[in-house]
Amino acid sequence: MSGYVYPEYLVETEWVQEHLNDPKVRLVESNEDPLLYETGHIPGAVKVDWFTMLQDQIRREFISQEQFEALCSSLGIDSDTTVVFYGDKNNWFACYAFWLFEYYGHPHLRIMNGGRQKWTQEGRPLTTEVPSYPPTSYKAKPANRSVRAFRDDVFRHIEQGLPLVDVRSPQEYTGELIHMPNYPQEGALRGGHIKGAVNIPWASAVNPETGVFKSAEELRALYEGKGLTPDKEIIAYCRIGERSSHTWFVLRYLLGYPNVRNYDGSWTEWGNLVGAPIEKGPNP
Amino acid sequence: MSEALLPRLAEIVEEFRWCEGREKLELLLQYSRRLPPLPAWLIPQRDSMEPVPECMTPVFLFIEWTPSGAVLHFDVPAEAPTVRGYAAMVAEGLRGASPEQMLALPADFYMAMGLHDVLTPQRLNGMAAIVAHLKRLALEQQRQRLNSAHPVHLQDAGNR
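Going line by line, the protein sequences match chains A and B.
Note that the first sequence covers residues 1 to 284 in our numbering.
Note that the second sequence covers residues 285 to 444 in our numbering.
The set of hints was computed from the structure by calculation and includes no laboratory data.
Wrong hints could be hidden among the right ones.
Stated by the list, open to error - Some chain B residues near chain A, calculated using beta-carbon distances under 10 Å:
1. Leu309
2. Ser316
3. Thr341
4. Pro351
5. Thr366
6. Arg368
7. Leu403
8. Gln406
A quick note: this is a predicted structure, and the numbers were derived from the prediction, not measured.
Every residue gets a Cβ at the ideal spot worked out from N, C-alpha and C, and that includes glycine.
When you get a sec, could you build the whole thing from the sequences and use the hints?
And the structure:
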């Protein structure tokens, strides 16, 4: 019906409401804002904060396999739990959390189509009650490098002439904008994009009114129109890796591209790397 | 160190300083709920605001300079309660301030609140941006006052 290659990775709000009391389903809210969950969330949903819970607090790195196991155990997630992610702004940080769960090999992952926006627009229930679940003894798989690109992978990718997609805004891509005004700590010393990358802003994959993903047909036209076809190995990046995990989800699961990686170092690494090839302006 | 802070702002800083861990976040959430809606007369001005880069929360700030000092009007989306909390604190803490008092405000006054421990330092960027923005508006106001005190320079007021 949807035309997506793996439609089972997406669930609709109706489905979620029907499964609110399903012990095999765990709803996880993941937002940019660390307090949004506290203002009201889907009944039974737990919170994952991308900054304080998914990342190492000293090095720039994600939590380790052991820390990931401890996190899942504390959220009552077992290896057979279906984990459904949703969140603010087109599910950007929901996709980021999904991607990290895939990195540690959790087998049953879903995104709730439309995220918080659609759920609230439909007037579905919200609560401020924080649930707790019996802890599990979760065992993760070793990190799956095939979904993640590091800077050396990007250098090799460029040498081989393979495609990259920069999913930031056109102003960030051309280099007109180096960093957010007054956000120096999140900036980069150079502006522009990785040499060879095409620009497809991440949010072009969703309908802005509902936050719902566009149809398979529209998505195919969007990515294939810029030369990103399923036969190619693709690396996606943005500024810190959250917007590109959204594009990664679209390419990997909605369009079924077998080889897509998210470069989470993204512009905040590349734009600071000595000697890294950068292109300015509108052309790849 | 808080001698340059207005009494209410100093109180807010203290209030946060004495809270621990989760309580700090709970307090920030309470402030975010207190942020009053934007008065109707400012809505057209907000709507003409330049779009901000997509990673940033759009914050609208207008300072009304009344005879008894500044009244800060903010508009921050409901999906950004952390930034709403910052805005509410600043609006409450700087009510009645003069441009000079705003300019004298130490740019890192909020570090004493200890929010960086529970939110991570990067998340205080939104606060830094608000403080930088209100200082710009205070400076603009100060220039206008200086210019109107010397009518001969009126034409240099520029912005208006």
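These are the hints, each one checked on the structure:
1. Among the interface hints, the one on Leu309(B) holds; its C-beta lies about 6 Å from the nearest C-beta in chain A, closer than the 10 Å criterion.
2. At its closest, the beta carbon of Ser316(B) sits 7 Å from a beta carbon of chain A; the interface hint therefore holds under the 10 Å criterion.
3. Given hint, Thr341(B) at the interface with chain A, holds; its Cβ is 8 Å from that chain's nearest Cβ, closer than 10 Å.
4. The beta carbon of Pro351(B) is not positioned within 10 Å of any beta carbon in chain A (closest approach about 31 Å), and the interface hint is therefore violated.
5. For Thr366(B), the shortest C-beta to C-beta distance to chain A is roughly 5 Å, which falls under 10 Å, so the interface hint holds.
6. Taking 10 Å as the C-beta cut-off, the interface hint given for Arg368(B) holds, the closest approach to chain A being about 9 Å.
7. Interface hint status for Leu403(B): upheld, as the beta-carbon distance to the closest one in chain A is roughly 6 Å, under 10 Å.
8. Taking 10 Å as the C-beta contact cut-off toward chain A, the hint placing Gln406(B) at the interface holds, the least distance being around 6 Å.
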